[in-house]
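Trainee: Build the complex: two chains, separate frames, hints provided.
Same order as they appear, the protein sequences are chains A and B. Following this note's numbering, the numbering of the first sequence begins with 1 at its first residue and continues without gaps. Following this note's numbering, the numbering of the second sequence begins with 1 at its first residue and continues without gaps.
The hints are simulated quantities; they were obtained by calculation from the structure and are not laboratory data. Please note: incorrect hints may appear among the correct ones.
[Said to hold, decoys possible] Some chain B residues judged to face chain A by a derived CB distance under 7 Å, without partners named:
#, residue
1, Tyr32
2, Thr263
3, Gly283
4, Thr323
5, Gly378
6, Leu384
[What the hints assert, rightly or not] Coverage of chain B stretches by chain A, computed from C-beta distances (three or more under 8 Å per stretch; other residues unrestricted):
#, stretch
7, 23 to 29
8, 268 to 279
9, 287 to 294
10, 329 to 337
All C-beta atoms in this analysis are idealised placements derived from N, C-alpha and C, irrespective of residue type, glycine included.
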Amino acid sequence: MNIARYTKQFLVAMVLIFIVAIGVVSTYGLNLGIDFTGGSLTEVSYTVAPEQAMLEEELDSLFEEGYSLRQSEDGETVGYILRSRDLSEEERETVYGVLTSVGEGGVVTRFASIGPVIGEELKDKASWAIAGVVLITICYVAFAFRKVPKPVGSWTYGGITILALIHDVLVPTAVMSVLGITFGAEVDVLFVTALLAVLGYSVNDTIVVFDRVRENLLLNEEKKTGKTFETVVEDSVKDTIVRSVNTSLTTILALGALYFLGGDTTQLFALTLIVGVLAGTYSSLFIANPLLVAASRRKKA
Amino acid sequence: MEDTAVQKKETTPLMRGIQAILVLLIGGLLGYFVYSTTVNTESNYPFKLGLDLAGGSHLVYEADVAGVDSEEVPELMNVLKDVIERRVNIFGVSEPIVQVETSSVVSGADSHRLVVELPGVTDVKDAVAEIGRTPLLEFKLVEVTEEEALFIDTGLTGRYLERAVLQFGQGNQGGLSNEPVVSITFTAEGADLFETITASHIGEPLAIFLDGEVMSSPIINEAISGGSAVISGNFTPTEARDLVQNLNFGALPLPIALVSTQTIDASLGANLLSEGVTAGVIGVALVLAFMLLWYRLPGLIAGVALLSYGALMLALFKVVPVTLTAAGLAGFILSIGMAVDANVLVFERIKEEFRSGKDSREAARSGFSRAWSAIRDGNMTSLLSAIILFWFGTSLVKGFALVFGFGVIASMLTALVVTRTLLIILPSTRKEEGFFARLLDSGTHM
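So here's chain B without its partners, still in its complex pose (with noise of 0.2 Å):
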């Protein structure tokens, strides 16, 4: 070699031989990691499937927030979820998802949703009757037999309760010290059975029951008139503030309307899924048949470039989790395509300085610094597109947002790694060399 420059930055062989394997071995490992944890069923890593791709059904609820000042609709918000998340619950579901979602700021109405997936879920009837249900509220004494212990309606629900509010025991009030209290006004009618009930069960437990679920049981120290009580037992400040929040809003916080409905059979997913995954591997393959065919050996580069691309991506997808669906799985195939385009550049300049009379790792060093700031300005757009996607989107935008953003740093960072390290593996030569020449040659000449 005549040009002791280039020389002087050349690594050493070993060095870029230990680097190439290194590079391989990273996308071995991801590409086995992929196959592993899918075809493992129990894997902690599964692809996480959209209810398009899965089936299920997604509901969405608008929540009437008039007459509520605007600074607590996003509490009230919050408990709507949490209320609507418990009565989900109920239905077993793997992984349902209860979201609160605020229309956005630009598009100036005020509406704030509650969106509801239920995968697995396409009979929808039992879970929207079970969502929009009104709640019950029930005080029961408990009647202890010998072995069980039996609750007795009093007639005393959640009809009568006018308010409960969340106070701390004062020191002076008999042992309550700073203890979290919460205390509860009945209305008129309620105070009058409240003390009833109270007079005639002093000392035995009176258990409060939401959704038919005992939230506290509390014992009755004296006959209460005047319709407030104080129920003590022993909360944490947290589990205080959860019952207030469960009497107070055990009728929803919010009244809710249901403004859209979509389920998808179990079995249309599958299919829209198989045939997705088909139009993938067939799509991969193509473009790998045509890089090798137009640019030869460093197309065979660009290739295993390209399946690391794809087991970065998929492995990505796996450990974010991204959740999969038909948008996202589609813009995953877009950047399929679009994933060499990072090596098509630099191929392309490559070649301009190979002909242009370098030798061919000269060519391949020179080629990388040539193309960068096309790759740089071009991707970075992409991405800033996908930022914005993701933000303005509703969520089946975020999704392919999301893929399309990952699927932009990932071609980079493949097609400069990957690429780059075994591209200056390869033997050094020039055009005039005969065979080994020809293979690193490609394309016609413009």
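The following block holds chain A by itself, in its conformation from the complex (with noise of 0.2 Å):
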């Protein structure tokens, strides 16, 4: 654990994950769902299901622009999701006519039609809310660790918390572009949630590393044992590396349950939480503490 050290390459490895998470993200996007977009998801159920293609006979006709029908399965019961763009009233009633007048017992479970209005203002109000816990965090930590002892300003604490935090919604949402491309994953609201849980995560972790600096730099300045800020630093990895692991453990305990038990709905859910939090322990490690070293070496040259 010798950040002090291996300074230079823990800040190669940052820069490199941020090349490589932008990359992917800007390369490949992220794969919007319904709730972005605007559009309609209708999920049927059957007890005798009909063939894909007699449906897709069907609804050929009904829609000119396209749609995707896909076969979904759960327990017992199989049926089929329809997307498509967003319906009217009328068209939603013909939509449930044709996937219902096919197959045996066929039942709407589920059907959701957002317009692209109410989808461009999600997006608009996801990004506002990042941008405000962003600002909140960074002025919350600059008062919080004012007193800190030189070398570092507590301003350079609170840049350096929102760098970390960057760093723990851009792996998620690299991942989520990948499994976007490589399964067809949906980033939804709850997406946004997640992310939104991964930022009080990853600040909350951050600064508990943080904490344990500032009192062991108040402790050296007290005791005059004259360590080298670099040291108490190092020190302070030590003192809080258990802590953290423990913590992201229990929090993957619970969140590993969620995936595997929970359903569906929230699986997506569960998994960019997961590799928020492994991500946000990672960063409140190896991402923040190099940080702080280089900006006290930057301090003294």
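Mentor: Structure, rendered in structure tokens:
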């Protein structure tokens, strides 16, 4: 755990993570779901499901601009999920009619049609919420660490917290981007919620380590032990690493249960969080602290 | 005990015992409250489930406010809400929700929406038809027979109404002292029709119907020409104002368009709920097992704190009440994992103090006070995030933010109160003192 000696390596790793993650997200983008793009989703289940080709034949005449039909299995019931543009009330009834006219015991179990305006607005709201959290975090950290002994100022602590936070959001976003092109995973409101939760977790995790740095710096000053800043940072990482690992472990245990047992709807949510928590633990130890050390070196130079 | 300074600060064992019993009792009572109000289906405190778990429909209408003075919009939206609420109530759905939602100031676009939630309704066809219907204002003559009152169509409807105004009767107008009255004006065509009707039915009541319901039934005093009339009927000011609104806005005050429909089948929701509950139970069990294995005796205490945390949160969900959605449930499960964080922070500190030679109780005390700044700053930023999410978020995100925010506060409270109280009733021991000391020591040495 030699932060001071390997500062450069940790920082190079950080830059690489950022480049790869940003590269992935900007190349492949995110597979936005209807929450954002507008559109409709109709889930139908049958006691005896019809052939997919049979349904498609019926649907082809209904949708000129394309749709997607995917088989879904939930335990013993078999059904289909239809995605298309957003539907008016009359169109909805037509689609219901078509879906339930074939096969046996067809019932529509879920329907959502979202206008494009609402999706657009959701994007806005999500961006503002994230920006708000970032802003308030940097201010709070700068305030809470205002009495921290030199060489690094309290706004630097705030700035580093934000950098770690961006890392923690970027990594699960990149993972989602990859899942989007490989498995067609869609980004929905729950994904945004998961990212927002990662924000909260990430800040909490980074602050705990910084709190220890703050305390050890004060102790160092009081007792005049004359340790260098780098040594103090290193000691603080050693002091907090068990806590960091244990907390992420308990969180991942709970999320793992949600992932495996919590059903389809929240599976991607759980996965996003698991990736986010892992990223958060990594960044609070191996990004935040090397950056602190680097900041102190720059001050000296 | 050789350290007298510490001995002075110590509360008596009796006090500590009483505190511990009190804490356990409160935790137990909360648990019992949650259990009994869940088992008893007629309790006043059921879990409030969101549409995605209970099944139902979620409709979003966008109001067209073009051509309306922007200052009037909030008022018009409220009237719109009232009208829609009345229509939705026809369905007899339990607890329908009709809400005005204004798009956030920050996004720039100025749109006004009406969110209608209908629990249990999955066939939205009738609901959509009813909500979008143009309402009917009718004037009907009343013929009282021996058995019942018959209403006779006059052909005069809201189509002929120009406007209605709330007035207060002046003292000089034959007995109408200061009484609130509703003055209505018909269009030219309506005025003729109205004159004909009133001329031939003086002394009879003329019933005013809105959406098939009698709103008021004033008596025709005289033949009325000129196309204006005053409806007096012993109204309270509120009733008169409502009537004016109903007359003016009998048709929806603003045109609305359905922009989003979501329906979820109850069985699908129930499935989601049971899966969520299973995940929650297993999640708690895993976290408990980990804490016990790693931290031994303090881990057991953290387990008690975690269970108290769960009971406190569930009780809050019931009492506040918090509408539970799949996102909220997931947020709660996440918070279970995070809730032990404060405990982990404290225990790691205690372990350090214990290993540095302090006796276990002293280590516990200083562990708490030293971990406090980290707990405070960490939770404070989480709480601020939750507040921002609640502010900016859509309803789904709001549900999550509420659970997350409550979770932060509740976990801090249980970790500090429950864990602390239970830790300091343990007999004091030192590191070298055999088996019991090993129960307190934990984890690997780093």
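Trainee: Are the hints correct? Go through all of them and say.
Mentor: Now for the hints, and whether the structure bears them out:
1. Violation of the interface hint for Tyr32/B is found here, the shortest Cβ-Cβ separation to chain A being roughly 24 Å, above the 7 Å cut-off.
2. With its C-beta approaching chain A no nearer than about 5 Å, Thr263/B sits inside the 7 Å limit, and its interface hint holds.
3. Residue-level restraint check for Gly283/B holds (minimum Cβ-Cβ distance to chain A is 4 Å; threshold 7 Å).
4. The criterion of a C-beta within 7 Å of any C-beta in chain A is not met by Thr323/B, whose closest approach is roughly 15 Å, and the hint is violated.
5. For Gly378/B, the interface hint holds, the least distance from its beta-carbon to any beta-carbon of chain A being 4 Å, beneath 7 Å.
6. For Leu384/B, the interface hint holds, the least distance from its beta-carbon to any beta-carbon of chain A being 5 Å, beneath 7 Å.
7. Remark: the stretch 23 to 29 of chain B is not confirmed as covered by chain A, as 0 of its residues place a Cβ nearer than 8 Å to a Cβ of that chain, below the required three.
8. Residues of the stretch 268 to 279 of chain B with a Cβ under 8 Å from some Cβ of chain A number 7, which satisfies the need for three, so the listed coverage holds.
9. Remark: the stretch 287 to 294 of chain B is confirmed as covered by chain A, as 4 of its residues place a Cβ nearer than 8 Å to a Cβ of that chain, reaching the required three.
10. By the rule of at least three residues with a Cβ nearer than 8 Å to a Cβ of chain A, the coverage given for the stretch 329 to 337 of chain B holds, with 7 such residues.
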